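A.B. asks: Residue numbers (the numbering used here): 1243 to 1313.
Quick caveat, the hints were computed from the structure, so don't treat them as lab data.
Predicted model only: the values in this text are computed from it and were never measured.
Heads up, none of these hints are tricks.
Label pairs and their computed distance ranges (CB to CB):
hint : residue 1 : residue 2 : range
1    : F1257     : D1296     : 16 to 24 Å
2    : N1266     : E1286     : 35 to 43 Å
3    : T1301     : S1255     : 15 to 23 Å
4    : I1289     : H1262     : 31 to 39 Å
5    : I1302     : S1280     : 17 to 25 Å
6    : S1255     : E1286     : 24 to 32 Å
Backbone N, C-alpha and C define an ideal beta-carbon position, used for all residues, glycine too.
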Amino acid sequence: MSLTPVELKCTFSNFHRIIHGLNNGHKIRAGGFSYIGSYAGPPEGTILANIATDLLLPTILQARLHKFLFL
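Please put together the full structure from these sequences, using the hints given.
C.D. replies: Set out below in structure tokens:
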């Protein structure tokens, strides 16, 4: 499991964890959460940040299990 600390950002430790898991054949579960009033701003920005995170995590981190969605 790898959780991104801030919306639409990923740390090197998360990348290392993901790469190590992929090299060992594990299914990757990744997630990122936005909060109203944080980096994304108002509710509209938070919704867009959540949608972007949901679309990018399977692509960038090659996550097969993402939140409650099994890909």
